[in-house]
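Taking the hints into account, I'd like the entire structure generated from these sequences.
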Amino acid sequence: MKYLLLINAGELDGGGDVVGCEPEDWMRFDKEIQGSGVVVAAESLADLVTATRVQVANDGKRTVTDGPFAETREVLGGFYVIDVPDLDVALDWAAKCPGSRGGGSIDVRPVAEFLGG
Amino acid sequence: MNGRVEASVEAVFREERGRLLAALARRFGDLDLAEEVTSEAIEAALVRWPVDGVPPNPGGWLMTTARRKAVDRLRRDQVYAAKLAVLQVEADRADPFPAPTVAGELPDERLQLFFTCAHPALAAEDRGALTLRCLAGLTTPEVARAYLVPDATMAKRIVRAKKKIREARIPFRVPGPEELPERLPGVLQVIYSVFTEGYVASSGPLLQRIDLAEEAIRLARILRRLLPAEREVAGLLALMLLIHARHEARTGAVGELVLLEDQDRGRWDRPMIEEGQALVVAALTGGASGPYGVQAAIAALHDEAADVASTDWPQIVALYDVLFALEPSPIVALNRAAAMAMRDGPEAGLVLLDELAGEPRLREYHPYPMARADLLERLGRLPEAAAAYREALALARTEPERAHLRERLKTVETS
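The listed protein sequences derive, respectively, from chains A and B. Counting with UniProt numbering, you get residues 1 to 117 for the letters of the first sequence. Counting with UniProt numbering, you get residues 1 to 415 for the letters of the second sequence.
Do not rely on the hints blindly, as some may be mistaken.
Restricting the straight-line Cα-Cα distance to at most 25 Å, the calculated cross-link-like pairs of lysine-lysine (BS3-like) are [said to hold, decoys possible]:
| id | chain 1 | residue 1 | chain 2 | residue 2 |
| --- | --- | --- | --- | --- |
| 1 | A | Lys61 | B | Lys156 |
| 2 | B | Lys164 | A | Lys96 |
| 3 | B | Lys69 | B | Lys163 |
| 4 | A | Lys31 | A | Lys2 |
| 5 | A | Lys96 | A | Lys31 |
| 6 | B | Lys69 | A | Lys2 |
| 7 | B | Lys162 | B | Lys69 |
| 8 | A | Lys2 | A | Lys61 |
| 9 | A | Lys2 | B | Lys163 |
Worth flagging that the hints you see were computed from the coordinates, not collected in a lab.
Quick look at the structure:
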């Protein structure tokens with residue numbers, strides 16, 4: 001069963017890094033989860049100032065805007081897609097992820113399974 | 001078969017239903033399928049057994065019938081078949097269907113179902129309902145009636161919870177020894193919330209409703225048999241028995257709440273208290289105490305006392321200190337302050353209560369103004385007491401409590 005772990009960054013310091021979370025923590029976690037063979041896909045997202053939003057209105061008109069910036073308190077910072085037997089295993093990985101600390105959170109979303117797909 | 005006979009046969013099956021459901025849910029990993037074939041097997045038994053006689057191995061008969069029905073259903077439903085055939089084969093290979101015991105009883109695998117129904121990934125309000133449905137064997141309308149919500153509302157909640165279990169794949173398994181300390185409190189919390197809901201809902205207009213307090217006690221008894229070494233399970237069962245033993249005396253002639261100090265202690269259920277006392281000993285022996293064990297010990301001290309005056313208040317205060325160290329919540333602090341008032345006088349208690357003013361968790365918690373009102377009344381500060389009673393009356397949810405508060409307010413205002 002595949003699960004998407006959406007990493008919402010908690011409080012950011014002046015440099016845009018998560019408070020209380022060192023790069024070594026991330027490297028250690030990434031090495032462990034990659035080494036366990038459960039990772040299907042994983043990416044870390046570039047800084048939020050690089051984000052661009054696209055919306056298409058009913059009349060087909062495209063609107064492109066800079067952002068979104070921190071409208072919400074939680075900022076999507078990256079994700080893992082993992083393939084594990086059940087939710088408990090997915091939750092264990094989420095709890096190990098440094099992104100779950102320092103006011104951050106991980107949303108665990110099962111990937112929909114379509115038969116014959 | 002007439003309705004009454006059918007109802008009594010159904011009652012016999014309540015225990016079997018939980019066991020059958022637990023075993024099937026684990027094998028198929030699908031609670032809906034397990035529920036459906038469990039019901040079908042029991043229906044088949046209700047038809048066959050009165051005609052053919054009860055089979056020598058009733059548990060085995062039910063299990064075989066349920067499995068056959070599951071296979072039929074898988075054949076009929078290609079979508080199910082595709083999804084589950086692999087699972088089923090894998091599960092059977094790894095973990096064959098258990099053989100019923102010599103006595104014809106199904107092996108008891110309900111523990112994993114307790115953990116699934118109380119899984120923290122489910123909405124808190126759904127856990128109790130699901131536990132009642134899967135482990136206490138209540139039907140959805142019975143659960144709805146117990147919680148005083150419309151059938152459709154309860155059905156929606158149960159469907160939602162089962163969908164999450166299935167689609168997010170919440171496992172049917174017992175947590176390992178290292179996880180148990182983290183997960184068991186969640187199961188106990190679900191059972192205790194069913195119990196306390198029983199007291200809240202007891203104000204309801206429906207007379208013929210399921211008694212949630214008794215269902216919670218039944219669930220705790222099952223859990224105690226499954227986890228005999230877990231002292232907090234003993235503590236929870238003890239706590240509920242020691243509180244529930246007073247329930248006859250807790251309501252007055254016109255349904256109003258009767259406080260502990262005014263209760264006719266002759267109406268307390270002595271055998272229930274004795275059972276609770278024995279369990280308190282088990283809960284507090286052999287290591288550090290947990291919060292349910294300590295609360296049960298406090299309840300036992302109340303139950304042992306002949307009246308309020310001879311209650312061992314110094315011991316109760318000491319136990320609240322232990323409880324506060326385990327669970328430093330303003331609600332524990334409130335109860336401790338009330339016990340202090342009994343030990344050292346209302347003045348001392350009021351000082352402690354006033355220190356809790358502004359606690360967010362007490363802002364809408366009517367026992368807080370109620371405790372203040374009581375102490376102010378004892379100190380003869382009647383206008384302040386009346387104000388506090390009014391505050392409590394505005395917050396109290398159940399009619400027995402409101403009736404009690406109106407009475408107290410009237411007394412204070414007219415004296």
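Hint-by-hint comparison with the structure:
1. Lys61/A <-> Lys156/B: violated, 40 Å
2. Lys164/B <-> Lys96/A: holds, 23 Å
3. Lys69/B <-> Lys163/B: holds, 22 Å
4. Lys31/A <-> Lys2/A: holds, 19 Å
5. Lys96/A <-> Lys31/A: holds, 12 Å
6. Lys69/B <-> Lys2/A: violated, 30 Å
7. Lys162/B <-> Lys69/B: Satisfied, since the Cα-Cα distance of roughly 20 Å is no more than 25 Å.
8. Lys2/A <-> Lys61/A: violated, 36 Å
9. Lys2/A <-> Lys163/B: Status holds; Cα separation ~17 Å.
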